[in-house]
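Trainee: Sequence:
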Amino acid sequence: YTQMSNSQTDARYLNNKGNLLRLEEGVRNAKLLIIKGEAEEANKQMFDILHDVKGDFDEAAVELLPAYFILAEANVIMGGVKLKKAEQLLIAAYWNLLKYTSDDNKAAAMDGASSNEVSRYRASLHKTFGRLFTAQERPEEAIKELCQGIYLEC
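The numbering of the sequence shown is my numbering, which starts it at 3 and goes up by one.
Be aware that a few hints might be false.
To be verified - Below 25 Å or equal to it, Euclidean Cα-Cα: the simulated BS3-like pairs (lysine-lysine) are:
#	residue 1	residue 2
1	K101	K86
2	K33	K46
3	K87	K56
4	K46	K56
5	K38	K84
6	K101	K146
7	K101	K87
8	K87	K129
9	K86	K33
10	K19	K38
11	K129	K86
12	K84	K56
13	K86	K146
14	K84	K19
15	K87	K46
16	K86	K38
17	K101	K38
18	K86	K46
19	K129	K84
20	K101	K19
21	K146	K46
22	K87	K19
Stated by the list, open to error - Distance ranges between label pairs, derived from CB positions:
#	residue 1	residue 2	range
23	G20	C156	28 to 36 Å
24	W97	I152	20 to 28 Å
25	K56	Y153	25 to 33 Å
26	C149	N18	32 to 40 Å
27	C149	D54	34 to 42 Å
28	L34	R122	28 to 36 Å
29	S117	E40	30 to 38 Å
The set of hints was computed from the structure by calculation and includes no laboratory data.
Cβ coordinates follow ideal geometry from the N, Cα and C atoms, glycine included.
All chains should be built: construct the whole structure from the sequences, respecting the hints.
Mentor: Have a look at this one:
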């Protein structure tokens, strides 16, 4: 039984590692597509990858945050009714980050996202909210979020 449990644990670890690499590659590709002006394609590809791998990560997994940010950015660029989807993605990212950094989350200490990484995620969250608020024509909130994001990056 122990041997089987160890091999199952190893298989799950390798699957998570593979999915993490897939997420990272998906984020890189989506960024390139956005730069090329292909936000819809970036959104579709990143959404498909996130849908495929999300179940293999903990609910508060910070590894998912870059995917949420790039999806939100693509939706902001597409504008219109997609702004609501961008807002939902940013709220989900905020919730993940909040749960990850909570005192109740013992896994945070074990899986080891550094405080620098957490700060970068917070900065990205604020800057992406700033872009969303700009697109929603909410300039005061946009300035506040963008300033906070820039401050956290320094």
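Trainee: Between K84 and K56, does the CA-CA distance stay at or below 25 Å?
Mentor: Satisfied, since the Cα-Cα distance of roughly 21 Å is no more than 25 Å.
Trainee: Take the C-alpha atoms of K86 and K146, compute the straight-line distance between them, and say whether it is at most 25 Å.
Mentor: holds (20 Å)
Trainee: Under the criterion that the straight-line Cα-Cα distance not exceed 25 Å, is the pair K129, K84 satisfied?
Mentor: At roughly 18 Å apart (the allowed maximum being 25 Å), K84 and K129 satisfy the hint.
Trainee: Is the Cα-Cα distance between K87 and K46 25 Å or less?
Mentor: holds (13 Å)
Trainee: Holds or violated: K146 and K46, Cα atoms, limit 25 Å.
Mentor: violated (30 Å)
Trainee: At the C-beta level, are C149 and D54 separated by a distance inside 34 to 42 Å?
Mentor: holds (36 Å)
Trainee: Taking 25 Å as the top limit, are the C-alpha atoms of K101 and K86 close enough?
Mentor: Holds, at roughly 23 Å.
Trainee: Mind checking the hinted window 20 to 28 Å against the Cβ distance between W97 and I152?
Mentor: This hint holds: roughly 23 Å between Cβ atoms.
Trainee: Please work out if K87 and K129 have their alpha carbons no farther apart than 25 Å.
Mentor: holds (17 Å)
Trainee: Do the alpha carbons of K86 and K46 lie within 25 Å of each other, as the hint requires?
Mentor: holds (16 Å)
Trainee: Holds or violated: K19 and K38, Cα atoms, limit 25 Å.
Mentor: violated (29 Å)
Trainee: Would the hint linking K101 and K87 be met if the CA-CA limit is 25 Å?
Mentor: holds (21 Å)
Violated hints for the displayed structure, listed by number in ascending order: 10, 14, 17, 21, 22 and 28.
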